[in-house]
Every structure is written in structure tokens, then in C-alpha cells.
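*Asks:* Single-letter residue listing:
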Amino acid sequence: MDPLAELEVDANFAVWGVDASFEPPGGPEVPVRVIIDHAAKDANLGLTDAIVNGVGIFVRRSEVAVQPVEGALFVVDGQAYSVRTARQDFMQTLWRCDVDPVPGS
Amino acid sequence: MSDSVYERLHVALAELLEEKLEEIYGEGNVFVERNRDAQVQKSPSVVILDGSLEPDPEETGVAAYVATPIIEGFVAASTSAAAAIARNQLFAEVVRIIKQEREALIGGFPEGLVDITEGSTEIGLSRVENQGPVAYFSMLVTVKFWTEENDPFSPGPGV
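Top line first, the protein sequences correspond to chains A and B.
Using the working numbering, you'd call the opening residue of the first sequence number 1 and step up by one each time.
Using the working numbering, you'd call the opening residue of the second sequence number 1 and step up by one each time.
Wrong hints could be hidden among the right ones.
[What the hints assert, rightly or not] Straight-line C-alpha distance at most 25 Å; calculated SDA-like pairs for lysine to any residue:
| # | chain 1 | residue 1 | chain 2 | residue 2 |
| --- | --- | --- | --- | --- |
| 1 | A | Lys-41 | B | Ala-77 |
| 2 | A | Lys-41 | B | Arg-34 |
| 3 | B | Lys-144 | B | Glu-122 |
It should be emphasised that the hints constitute simulated quantities derived from the structure, not laboratory data.
Quantities reported herein were computed from a predicted structural model and do not represent experimental measurements.
Just chain B, same shape as in the assembly (with noise of 0.2 Å):
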């Protein structure tokens, strides 16, 4: 059985994030996952959640789709200051893998086929009781995509 395009979607994102990020932090010393049960426990720690799929009813002959996965990332330290510089680091490296290796997540599929832009960006800083500080982000990613008018698993053309 093969995957839909909203899946596959999902997957090249999540497997071009985890390839691009350990070319920074190394192989081993950064975790990427999608859609994880449990809370994250190793830092710095990247989940991508498939988040939500809205069909856009304007395009016609074709079904197209605006997806909005979310990147969570969690980095923790020592201090507070240190746990948001290492959070803000990581975000960075996030977006910009998005921006800059953008033609190598959309060029695994028929061009014109996906559209990907960051979205909007929520960041926080926990300090629990007796623990170490826990910074985060979570992002939205947004995602449209053409498929075949009654096909989810073929690509459509696109615009």
C-alpha cells in the first residue's frame, strides 16, 4: 500500500530535519521524531506533530490542501539563560533549514506540487521545582499541496 501525499509530506520533512540537524549538533546528539507518545526526555530534542489539514475549495480540477504540521523543540541547561540561548539556536537552525533546504523537501515530489512557509512561533521556559530549566518552541509549518481531484495518493499538478 503506498502513502498518501500528506504523508509523504510529513515524512520528508521529518527526515530532512533530522538529516540537516545532525549535520550540526553530530550524528547521536540530537533527537527527531514525529509525532512522539511520550514527553521528550534527551536535549536538544526536535517533534514534528502532523498538526492539522484543511482542504482549499478554491482550486478547481485538482484537490488541493493547506497542511500546518508543528515543530516542537526542546533544549535543556544548566541555567535559564543558557536553556533560551540553546532554544533560540535551535530554532534558528530550524527555520532555516526550512528556508534554505526548502527546494530539497519540495523537489522529492513533481514540481509545483508544494508550497512551504514558516508560520507563526510560540516559546517558553519551564523551571521546575528541584530541576534543571526545560526551554521550547513550537512552530507552525505551512504546507499546501496539489493532489489529484479524487486521488489523495497521487500528486497533483500543482500551480
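This is chain A alone, in the form it adopts within the complex (with noise of 0.2 Å):
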């Protein structure tokens, strides 16, 4: 990657992200830094329209080289997100993950 580019994506985890674990199904469990997105967002029905709310988590390919896959878990301050999906940002530097929180964790 880029030197500059990657300087960028560690000074924004620096700054905006958070301490976290990440366990693949199977394990192990391992620590990195997330950023995560709580912004509510528009879900474009109708016309009134909703506002849906929801949980994505930002992780770094040099922390998860291995796409991570359903059902994979984080923990952020002692709340489990489990991923529904990920991809790739169009720089391949983060794994982009819809999670849902585990109720009760």
C-alpha cells in the first residue's frame, strides 16, 4: 500500500478508533482497533421515508488479513457484534462489516 495511504488509515484508527477483540468461527481470538459507524441512515421507501439505525464496524486488512465471514465476532467494551457481511473499501486497506449486536453480551 501506499506509504501516505496507510499513514492516513492508522492517524484516522488512531484517532476515531477503539480497542477491540476479533474471533473468526473457530477462533482464535485476536486484539485490534475498530472504527465504528453508529450513523443513522436513510433507507429511501416511499414518500415519508425511515431513518433506519444500525452498526458497521471498520477493521484493518493489516490486523484481519482473512475476510472476515458470518458469524465472526467483535467485542467493543464488552458488547459482541456479529458480522453479517464484509468487503473490501476501494483502497483493499479495510474490511467494511454490517454486524448485528449480540443481544445480552
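Put the two chains together into one complex; each comes in its own frame, and the hints tell you how they fit.
*Replies:* As C-alpha cells, this is what we get:
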């Protein structure tokens, strides 16, 4: 990766990131730093439309080399999030994960 | 200042849906609103939009109108499958209310003043990136009503 781009990504994770753990199905658990996206977004439905809330998690490929699969877990501040889907960003530096909070975690 | 017949009909429709849906989902567990400005953020939500209003020129001696309010329903869930099921349930409840409780709506007006029927429905489901799924329906309701020929505030004799 372009060293300047890597510096920019690392700076973002240093400022906006939080310490977490990542565990693929079957393990092992590894420490990572993630950025959590709690932003509400438009559903673009009908004339009235709806705003939907959810959670996305960004993690660097330098920390999680293999694409997270469905059911992999992130744990942030004691809250577990189960991966629904994951895909690379356009620079191939991050995994953008759609996740669901695990109730009772 | 009194409300027009057209306005009174929309108020009656919204109040009927709110009352009956609260009986099903529980008070505070379903949200019904007319002509909401902002996007809905609670689930399930039902929004009644005024839609369109057309005069019926074939009637003589009275003013006949065909109004088509739009009823939109929104349901969020943790999965698309669950959202679709909950959306279909909400839609069916709204249809049932309009058909079975029709007399409660029409009964608030002089006999023969109003005729209300279910129109076409569009359904959809949205899964925004990183967000949970939301399912919705948009149903047209056809309401024919009559007013005095030159007075939209006074109910007409109907048919």
C-alpha cells in the first residue's frame, strides 16, 4: 500500500478507533482496533421515508488478513457484534463489516 | 372555522387507524400520523398522506369527489425475512380495519356520504449499508364523497 495512504488510515484509527477483539468462527481471538459507524441512514422508501439505525465496523486488513465471514465476532467494550457481511474498501486497506449486536453480551 | 368534508374524512381515517392499531399492537407500540414531515424513526409506523383529490363531473346537483389518500406503513426488524413478515402483518391489519371497520368511519357522516375502497399497493424492502432492514408498504385508498354543490364544508346527500 502507498505509505502515505497507510499513514492516513492509521491516523484515522488512532483518532477514531477503539480497542476491540476479533474472533473468526473456530478462533483464535485477536486484539484489533476498530472504527464503529453508528450513523443513521435513509432507507429511501416511499414518500415519507424512514431513518434506520444500525452498526458498521471497520477494521484494517493489516490486523485481519482474511475476510471476516458471517458469524465472526467483534467485541467492543464488552458488547459483542456478529458479522453479517464484510467487504473491502476501494483502496483494499479495510474490511467494512455489517454487524448485528449480540443481545445479552 | 369548521373543517371541510375532505379534511374531516382524513382526520376520521387517521383516528380510526390509530385507535384500532393501538388495540392490536398496544398503546405506544405503534405510531400513526398524518402528513408527517420528517422520516419515520419508530417501528411500526403508519403515515396517512392526503394524496390526490378529483371532482367527479358525472354527478349533478351535488359535488362528488374521489380522494385517494395514501397509507404508508414501515416496519424495522433484525432480518429482512422478519421485516417482510411484520410488514405483511401490518398491511393486513390496515386492510382489515378499512374493510371491517368501514362502518365506523362512514358512520361518522350522514348515510350515503362516503364510499371507501382499497386501492393498489406497492411494497418494498430496504437494507442500507451497515443498517438493519426496513420493510414498507404504500397503499392507495379510494374515498368517494359528496358535498353540497357549492359548499365543500357541508356534506351532500350522496347516493
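*Asks:* All hints, please: hold or fail.
*Replies:* Hint by hint, here is what the structure shows:
1. Lys-41(A) to Ala-77(B): Given pair Lys-41(A), Ala-77(B) holds - Cα atoms ~15 Å apart, limit 25 Å.
2. Lys-41(A) to Arg-34(B): The hint holds at about 23 Å.
3. Lys-144(B) to Glu-122(B): 21 Å, holds
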